[in-house]
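Engineer: Chain residues, written in single-letter form:
There are 2 protein chains.
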Amino acid sequence: MIGLIEYNWQVRDEWLDWCEMLSTEQLYAEQTGGAGSILYTLFHIVEVENSWLRAVQNKQDVPYIFEDYSSLDEVKALSNTLRKEHALFLRTDLDAVLNQYVQVSWDNQIYQAKDILHHLIIHEVHHIGQLSIWARQMNKQPIESHYVGRQLKRVEEYI
Amino acid sequence: MIGLIEYNWQVRDEWLDWCEMLSTEQLYAEQTGGAGSILYTLFHIVEVENSWLRAVQNKQDVPYIFEDYSSLDEVKALSNTLRKEHALFLRTDLDAVLNQYVQVSWDNQIYQAKDILHHLIIHEVHHIGQLSIWARQMNKQPIESHYVGRQLKRVEEYI
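Chains as they are written, first to last, in this note's numbering: chain V, 1 to 159; chain S, 1 to 159.
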């Protein structure tokens, strides 16, 4: 499970760096389908992951609004800051909570923590697949999506 | 891990059913980015998963060619047939092989079986994310991508 999170974090960073070549217009252009613009999609990935990972740790949700983190540098900084907070939990306490049930504040369902982990893993990969189409439609080469053969930065290196 | 495969299999079936509403032209239209057409993408997901899962079981690769399975019904049938073969392995022997190293026939790397499982999970979700964009660009509602709150058919039900 951790390997899939490490994959997502690394691919996310590669996409955030990839965004450096885009114009402001390209970063913010409303796309058809998905979450919205390219930059908003990356912000959304960060924000949603944070909410679910806080819930798994029984921490109160702290929503973030795109308007407050709407430059590429701000999205990168937010991702790095939140990830640092979660990396220690993932490295040390994750196994102990996987079978626990979690009540989240944004709906009235109770989910098992491992299902939440599955959900946020898929959430990011799904949105990254969408970015890859928009990239090609802009005549740009997307970030590679393979898992095998990719050297992954380990979760503890984010602490 | 099995939960993510169950998710992929179910979402794949939902997309294959979704395809029933498409015209032949829409099924085969070459898209920008991704693997090609909508139907080819679904075939590609099936074919790639089969190759990796056979490798993990130390079975010789049996490549499939789209030209031989190029109707929607044939892709559905191929997916069902191959999945049936793999479901028993996933249910009974997966845990025992996760840490084993696997030599695949299509490159000269050796991969750990659990990394191969991660790879094929991500491979499908990434391509499904791409389908969701093409769907919206055709003014059609894509299949939902959430993991939590989705009732999953269990691997053993595919046997």
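Honestly, the hints are just simulated from the structure, not real lab data. Be aware that one or more of the hints could be misleading.
Copies of the same chain are indistinguishable here, so a pair counts whether it falls within one copy or spans any two.
[What the hints assert, rightly or not] With a cut-off of at most 30 Å between alpha-carbon atoms, the simulated DSS-like pairs for lysine-lysine come out as follows: (1) K140 x K59; (2) K140 x K153; (3) K114 x K153.
Engineer: Confirm or reject each hint.
Structural biologist: Do the hints match the structure? See the list:
no., hint, result
1, K140 x K59, "neither (40 Å within a copy, 38 Å between copies)"
2, K140 x K153, "within (25 Å within a copy, 38 Å between copies)"
3, K114 x K153, "both (22 Å within a copy, 17 Å between copies)"
In this structure, only the earlier hint numbered 1 is contradicted, and the remaining ones agree with it.
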